[in-house]
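Residue numbers (the numbering used here), protein chains in the order written: chain A, 1 to 799; chain B, 1 to 228.
Zero decoy hints are in this set.
Quick list of in silico lysine to aspartate or glutamate cross-link-like pairs, EDC-like style, CA-CA up to 20 angstroms: (1) A:K14 x B:E105; (2) A:K407 x B:D82; (3) A:K7 x B:D99; (4) A:K330 x B:D59.
Okay, the calculated bits of chain B under chain A, using three or more residues with CB under 8 angstroms as the criterion: (5) 51-60; (6) 73-84; (7) 109-117.
Computed beta-carbon distance windows for the label pairs: (8) A:S346 x B:M135: 31 to 39 angstroms; (9) B:L227 x A:I789: 53 to 61 angstroms; (10) B:H140 x A:N329: 26 to 34 angstroms; (11) A:N719 x B:K208: 50 to 58 angstroms.
If you're looking for bench data, these hints aren't it; they were derived computationally from the structure. Just so you know, even glycine gets a beta-carbon here, dropped at the ideal spot from N, CA and C.
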Amino acid sequence: MIMNYFKIAWRNLKQNKFYSIIHISGLAIGLAAAIMVLAWVQSEKSFDTFHKDYKDIYVFNAQFNINGENRVWGGVPGPLAVYSKSISEVGKLVRINSESNQTISDIDRDKILGGLTVAAVDNGFFSLFDFNVIEGQRNHLFPDVNSVVITKSMANKFFGDHNVLGKTLKYRNENFTVTGVLEDFPENSSLQYDAIFPMALYSKEFKAGGGNGDWKTIDEDLGNYSFQTFVKLHANADANKVANKFTKRYMDVRNNDPASKVEFKLQNLADMHLITPDGNKSAYRMVQVFLLVAILLLAIASINYINLSTARSLTRAKEVGVRKVVGANKKQLFFQFIIETIVLFSIALIIALVLVFLLKPFYNSVSGRHLETSFGNTSIWSTIGFALLGMLMAVSIYPAMVLSAFKPLPSLKGKIASGVGIVALRKALVVFQFAVSVILIVGTLVISSQMKHIRKMDLGYDKDYVFSVSFPIEAAKNANAIKSELEKEPSIQMVSATGIGDMSQLDSETSDLEWSGQIQGQNLLIAQASIDNNFIPTMKMQLVEGANFSGLPSDKTSYIVNETAVKEMGLNEPIVGQKIKFHNNEGTIIGVVKDFNFKSLRDPISPLLFNSNWGTQWGWGQNIFYVRTTAGEAQKTIAAVKKQYDKIATDIPFSYQFVDKQFEAKYEADTKTGNLFNFFAALTIFISCLGLLGLTTYTARVRIKEIGVRKVLGASVNNLVKLLVKDFIFLVILAILIASPIAWWLMDSWLSSYAYRIQVSWQILLLAGCSAVVIALLTVSFQAIKAAIANPIKSLRTE
Amino acid sequence: MNSMIKIKDLEKYYRTEEVQTVALNKLTFDVKEGEFVAIMGPSGCGKSTLLNIIGLLDDPDGGSFIFNGIEVAGFNERKRADLRKHNIGFVFQSFNLIDELTVYENVELPLIYTGVKPADRKKRVEEVLEKMQIMHRRNHFPQQLSGGQQQRVAVARAVVNNPKLILADEPTGNLDSSNGNDVMQLLTELNDQGTTVIMVTHSEHDAKYSHRIIRMLDGHKVTEDILV
Chain A
1 MIMNYFKIAW
11 RNLKQNKFYS
21 IIHISGLAIG
31 LAAAIMVLAW
41 VQSEKSFDTF
51 HKDYKDIYVF
61 NAQFNINGEN
71 RVWGGVPGPL
81 AVYSKSISEV
91 GKLVRINSES
101 NQTISDIDRD
111 KILGGLTVAA
121 VDNGFFSLFD
131 FNVIEGQRNH
141 LFPDVNSVVI
151 TKSMANKFFG
161 DHNVLGKTLK
171 YRNENFTVTG
181 VLEDFPENSS
191 LQYDAIFPMA
201 LYSKEFKAGG
211 GNGDWKTIDE
221 DLGNYSFQTF
231 VKLHANADAN
241 KVANKFTKRY
251 MDVRNNDPAS
261 KVEFKLQNLA
271 DMHLITPDGN
281 KSAYRMVQVF
291 LLVAILLLAI
301 ASINYINLST
311 ARSLTRAKEV
321 GVRKVVGANK
331 KQLFFQFIIE
341 TIVLFSIALI
351 IALVLVFLLK
361 PFYNSVSGRH
371 LETSFGNTSI
381 WSTIGFALLG
391 MLMAVSIYPA
401 MVLSAFKPLP
411 SLKGKIASGV
421 GIVALRKALV
431 VFQFAVSVIL
441 IVGTLVISSQ
451 MKHIRKMDLG
461 YDKDYVFSVS
471 FPIEAAKNAN
481 AIKSELEKEP
491 SIQMVSATGI
501 GDMSQLDSET
511 SDLEWSGQIQ
521 GQNLLIAQAS
531 IDNNFIPTMK
541 MQLVEGANFS
551 GLPSDKTSYI
561 VNETAVKEMG
571 LNEPIVGQKI
581 KFHNNEGTII
591 GVVKDFNFKS
601 LRDPISPLLF
611 NSNWGTQWGW
621 GQNIFYVRTT
631 AGEAQKTIAA
641 VKKQYDKIAT
651 DIPFSYQFVD
661 KQFEAKYEAD
671 TKTGNLFNFF
681 AALTIFISCL
691 GLLGLTTYTA
701 RVRIKEIGVR
711 KVLGASVNNL
721 VKLLVKDFIF
731 LVILAILIAS
741 PIAWWLMDSW
751 LSSYAYRIQV
761 SWQILLLAGC
771 SAVVIALLTV
781 SFQAIKAAIA
791 NPIKSLRTE
Chain B
1 MNSMIKIKDL
11 EKYYRTEEVQ
21 TVALNKLTFD
31 VKEGEFVAIM
41 GPSGCGKSTL
51 LNIIGLLDDP
61 DGGSFIFNGI
71 EVAGFNERKR
81 ADLRKHNIGF
91 VFQSFNLIDE
101 LTVYENVELP
111 LIYTGVKPAD
121 RKKRVEEVLE
131 KMQIMHRRNH
141 FPQQLSGGQQ
151 QRVAVARAVV
161 NNPKLILADE
171 PTGNLDSSNG
181 NDVMQLLTEL
191 NDQGTTVIMV
201 THSEHDAKYS
211 HRIIRMLDGH
221 KVTEDILV
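If we strip away everything but chain A, and leave its shape as in the complex, we get (with noise of 0.2 angstroms):
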């Protein structure tokens, strides 16, 4: 029997193509989006989760509170790794530093590789973590301070596929013996190092520079909170609990001094990826939203095929009503339907699949991310396979359930017709498509208007042409020097030093500020930066009052500061002039910048001062020089920045940034969530038109006799038309009024997270609403015009 069902389902494949096509179509691109979709979202949550004991590894958080404002801290303190021998809780704590940016070389400097992260680990990390160790004694992997485990991908570039166990590779003017290979970290792992040194390394060189104050070892030293620290519990152990152990130990230490304050949070490895220490979720949230775009794309392609094999199943009654008569029950036909949506799901399934692999490249590169797709991850394919168990369900059964439950003598005599509720619902799906296209359309078009918001936007400082070099920390002491060697240089307008990384991420801030007028209490976040006397006309920012620094060593005791500055401080005109006393350091407030964005636009500017001598007075250099150039000398001025760089660095290799790269760098993930966005809504309007065109196709040849009635009768092309239209065009009509507030609502709160944003007019709705219009219009009109104009005789002979 079953074999006569499957042979019945392929012939009617075959012989209504047209309806084939539609429902296959429709049916693999939905299966192959999604299928790309939700390999992305299993892939981001099975973050750390390959660690076998990934349920019982925590990291640790610290949590200030400033100005009554809590700030989470990804590092603690080393002395917590002491504490944790005496806290029965705990199975084995690890602590990490990390560093990037660095440089390791072979021992004869043939090769240099730059931009490396590396860390310090404690000994337990390879037995914490199942990271797998290809070459070495995972037990014994650092027999001495001098030991260093690499990625295979370094060892490849060091050694070639030569067994490298025993070489040596040299980092901070050291040698090092390589004791371990490990394979590359996985993707999906939020630790990724190119080489791992023993903390005994890091513990050696903070003793040698002297500790920090009366701390002489990590163990001691209370102050730096630079260690990434994970910890294993044993199984039941309350984590929240064990983390006030911590916080108690630690604050007994400092014998509870208030300026000392921190309180130490737990975190699960597995939440690692998605949230951040301060509890950020919108990572994790990004994720929900694209798990929820998985299953509304399944949706819309399960509504096409249910929609159409509903309205089909008018053809399909007299079948049923002879199976019936010869002998068959509900449940056998039941079955057989599902038989039949099993075989179209199956053929669109490998479509998809093929769909899923050739457009693997292109979907990295709209959307940024890695589409995991080998059949090795168990988990993305088993969440895959679910999800499309569930749509088969879904697509099969309603169906199934209605052609079954034909009663033979009406189907035989094609005395069948939809009940009210099929053709209601049917609507109701056609109206859901639409409306979820709709939102779709909406989003685009709010997501493109607010990147290109963003990138008009005046930040208050020209970025463009202007690139950052990142010299060596000792070309601080030289900055004049190099300055002038490079000002020499025609295609550089003009140079500045700076202690600036990112114009557009100054994140470096202190509450350690004092002015007059003060109120009591009254403290003040401000970000603080390092500049030459050179940086605001290179940056073309403007001075709304008073002078900028003169280059003279006067300029140790003058500060600027921004117009937010100025109004959360509360200072009164004059402003020029007045006295304050920046990290205990007495000086003047010479001038007042023009407010500029230093942050990401989804925050309001902030307070912020400019100091010029930080170099000197913190030993925090101004070795970072932005060369303002122009369009046509770019790579001039670039070459000119290079030789002078190789003059002095010879390790590290020379890089350079440009400002509105660096920029809009900031904004790619938005920029390629908004590409998302569009791929996205496109195909679902494009699934949506399919179920459409079908539903066309079907009508006008259901209603042929109707149209040709009508036509003897003298109805013309355009009356005939507008006939098969109108109730379509009503139902995406209905569908916009139900999903422009929707759009409205969830795009405002998406705009919401940022402080410089568009609104969500009415004319971006409305734009999206005709869009979706004009597109049903365009789909229904091709069928309704083919049988409007087809020959009335012909029709009625048909009939």
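Position chain B relative to chain A; hints supplied.
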């Protein structure tokens, strides 16, 4: 001979929102095992309704219908379907073959639903196709056959399960006289072999193949002609 069908005071109404039409009005008659009965009457007299009720495709609104000694009026769909598939074969005016299945598969269908094993199915389908002289068309689809051939397939499908009763609803209505005669010949042969046949027809010629003609008007029996 025993009565296969006993119908007493059978009633059937068709209702719309405003009008109620009487299709069968207190109809009473019997059909014995092995009989060949023709039912005649003008359009709308209720003969097809009667055939549908006898074929357990429809439910009466009143009266009694005893099939092989069992009261079946009021049976639910499942029970009716079960009784139908083991006892009754249908031949329709419009053949009602499934276009997507071949001749062989159409004839095989009732055996599939009654759970006959594949080897037995093959044997029986081939037997009946030979008997109906359409074996050479076994792999053709219905639309590739003439009307006469299609109706032979339909008869083959009706008899493949060896039903006790064959219900034929104007079996020659869509056929020319030559093919029509062939079909009537087939039905007569089946009846000679012991199958009870009830046939609805407009054709006096066809009705003469039967043993008894029941003439209906407005939902009830008006005359009964015994031919044999």
